[in-house]
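For the record, the sequence lines run as chains A and B.
Heads up: the first sequence begins at 1 in our numbering, then just goes up one per residue.
Heads up: the second sequence begins at 1 in our numbering, then just goes up one per residue.
It is worth saying that the hints were derived from the structure and are not from the lab.
It cannot be assumed that every hint is accurate.
Heads up, the list lumps identical chains together, so a pair's fine if it works in one copy or across two of them.
Listed next, the in silico SDA-like pairs over lysine to any residue satisfying Cα-Cα at most 20 Å (straight line) [unchecked claim]:
1) Lys142 <-> Met367
2) Lys373 <-> Gln239
3) Lys142 <-> Gln78
4) Lys142 <-> Asp20
5) Lys56 <-> Leu172
6) Lys245 <-> Gln221
Number of protein chains: 2
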Amino acid sequence: MKRRGLSSTQSDKLFEQIYDYLLERIRRGEWKEHEKLPSVRALALEFNVHRLTVFKAYQLLKQNQKVYVKDKSGYYVQPGLGLSLETRNDPIISAYVQESHLSEIHQVQATYQFSKALLDPNLLPNLYFSEYVKKVFDLYPKVLGTYSTTQGDQELREALCQYFHKHFHFYLTADELLVSAGSQEAIDLVARALINPRDVVFLERPTYSPAIDVFRRQGAQIVPIEIDEHGYDLDQVEQFMQLHKPRLFYLNPTYQNPTGYTVPAEQRKRLVELAAQYHCLLVEDDPYRDMYFGEKPPLPLFSYDTSGAVIYIRSFSKYIAPGLSIAIIACRPSIMKVLIKAKSLSDSGTPLLNQKIFLHYFFSERMQQHLEKLRIALSIRRDLMEEEFSVTDWEWVSPQGGFTLWMKLPQTVPMDALLSKSMEHSITFVPGLICDPLRESKSWIRVCFSYLNEQQLREGARKLISVCNMLQQ
Amino acid sequence: MKRRGLSSTQSDKLFEQIYDYLLERIRRGEWKEHEKLPSVRALALEFNVHRLTVFKAYQLLKQNQKVYVKDKSGYYVQPGLGLSLETRNDPIISAYVQESHLSEIHQVQATYQFSKALLDPNLLPNLYFSEYVKKVFDLYPKVLGTYSTTQGDQELREALCQYFHKHFHFYLTADELLVSAGSQEAIDLVARALINPRDVVFLERPTYSPAIDVFRRQGAQIVPIEIDEHGYDLDQVEQFMQLHKPRLFYLNPTYQNPTGYTVPAEQRKRLVELAAQYHCLLVEDDPYRDMYFGEKPPLPLFSYDTSGAVIYIRSFSKYIAPGLSIAIIACRPSIMKVLIKAKSLSDSGTPLLNQKIFLHYFFSERMQQHLEKLRIALSIRRDLMEEEFSVTDWEWVSPQGGFTLWMKLPQTVPMDALLSKSMEHSITFVPGLICDPLRESKSWIRVCFSYLNEQQLREGARKLISVCNMLQQ
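Full structure from sequences and hints, please.
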């Protein structure tokens, strides 16, 4: 049976949206096995559609064995559908199958840790960093006795204004920047401040998987936008904007996680225009910008934006200092106002200590020089991984930056078995399914080359290939 | 004017560090326009540098028009510099009237800051702290390159287990503790993990006002429980539990914010029994425990709990290190599971650096000795404030711990006018209305005695009384 998604060309069909709505909620467990579902009449009223449309949705659910009919009295949830049944033994695997959250894969301890998109701590200038922090304490002797404001340290926001202006032609003031505790908090704040249940959110397909979790939890209706190495199909994006009236499009256009793809400059410009035209906010997540292997990447979408449609999230955790958890949100005042309010409810401001350390560390000459070394180290690791995987018939597009390889395996590879067998060999990776808002991409995996050293990468890659070969025999 | 940054090659020049230090504080409004700055001699002593170094910093500030010299008597803050300018036609006051959020009152810059329940940074052992942090970096050279787990650093959680066991008879394991970024995040996580729209939540009346905002935002139906200096009316609490079937009761039973009241031990025991009987979780917020002025307070509710009904939130920000933002949640595994999940969506774990600093700092002998000094300093400030207010006909119960006085003013005092007139005199306090879930308590105010020094407290109290008298004439 093929699951009907909104990404298909028939996506405008109302009955399929209702199909998705119902199936999604059945999966979430809002109705239990054998529980009666809302009547056709009630749903038709709720969605303001013709009863026949709801009827068609129920027929398709019935046909796909998601619901059953009892004595003509209505539709009931089919037992044994759910996600809960597929889970048997290994608690982690079962957690994955059940809920498919990245954080659960990450809990697995493994020698060959291909799942975490983190930088090898040995690639950071740790000694220099420690020396530096000591200076910060001399400079701000009372930093630990002081709360930050909710929006973040003024000195840091001013320094970042200048930085964004100089490098990316952002025109903004310190009031248009908010300091968050890493990009996860930033995405969460955006979702909480701007999304109400059933608002439409566009997500790239595939996308950064915690974003799926955050927007779903907020009750968003998710519409996937396909991304490939050339970017998006912008005609389709426009159609979808007309059709779905999305509140926002969360995207990661530069060395995208998981694919490594980069949206070209001309598409960025047009996307910003479309967003302004259709009143769709673009939430641009940009954590890998400095990690390019050849040419510098195109400017951020925010650089092209004159209408205030772009919210720019720049994490500095990934390659500056994961232990500090610092990210910045840039946006226009009307949105900043609601973000600050959301932030004031979720914490009392990002710790001042972390902001001051980041300020002095990031803008030091030594750090900026270090970024060049990092780029070289990462591109060597990418090359090495591509060399190892060149013996397989797996397919991928060579990433020009970032931390990840996104690879398509032959359809004959049983993915669940690959994950569990790999874990037995102390190897972890991210199954592509987790990164797919539709949860359909069974043949893809994300492999990170940023965390392990070169020898571990080679050994891990060989072991992963051999596990895969075993399963195909 | 070129801003002098530490990123420049002259970064080691001491006078520039002092320049930055002074400018930062002028911007923050720590000294007002036309206010006299510390003398060269005083700063030279404070920073342990030559007077000429401080002199050079002041010369540069003068040259950059940040300060001016008057009659050779010293340096004064140049007007028109600061953040204070943005608050001219009082957007804050209007925001308060509109929405009554604590965070908005807190944005007001004032000389007599009675609104923030924060510790005077000068009461913290800052120098010792800086020295200590340097040691932490020697101990964990890669701490800034490493993410924490979502649940928090294992070493810290184990140390806290022992601490809680020894001092409060908690029986738990490290798996039953989660490290959050301050108590605000802790309350938010609890609300997000456990509250669905229309769930009933009990709040004390009055209560910690951000808790009202958080639970309301989560869609909770709020039922107030009156608290006075003897605790609750537990018969009524039982009736209300029967009647309303609350999901949880958020409470702050020890030196409560805002009232300073403490719920007696015998009530704690019965409340825990009621909670178990009626399946109501008790969310015990306990940020002031160590700040007692006479006897130690009764044990936490968590100490009496055998059924898993209590979730214990212990912030260490208030009097250990506001700049670190560390709080702990203790609860049983079934609840921990959902909290960890909520935390994984809202950030990637509390920064490891902050956890490691806290671990070593909090458990040092010096810190534990320092707590004794803090208690004495705070009780002196409370005495002093009570002495000042003894000339009025205001009513209050003398708090035996904590940071706040909760005072009832005569009904003839117009509260809105009192707040705005006070702000004109650079005095802030928290109107009781903000702390009342019913938004009815018009005659009460919360005045904090923890943030200002003794002289400022006296001056501020006298000014506040005189503003109030003016309004009553």
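Checklist entry - What hint numbers does the structure not satisfy? => result 2, 3, 5
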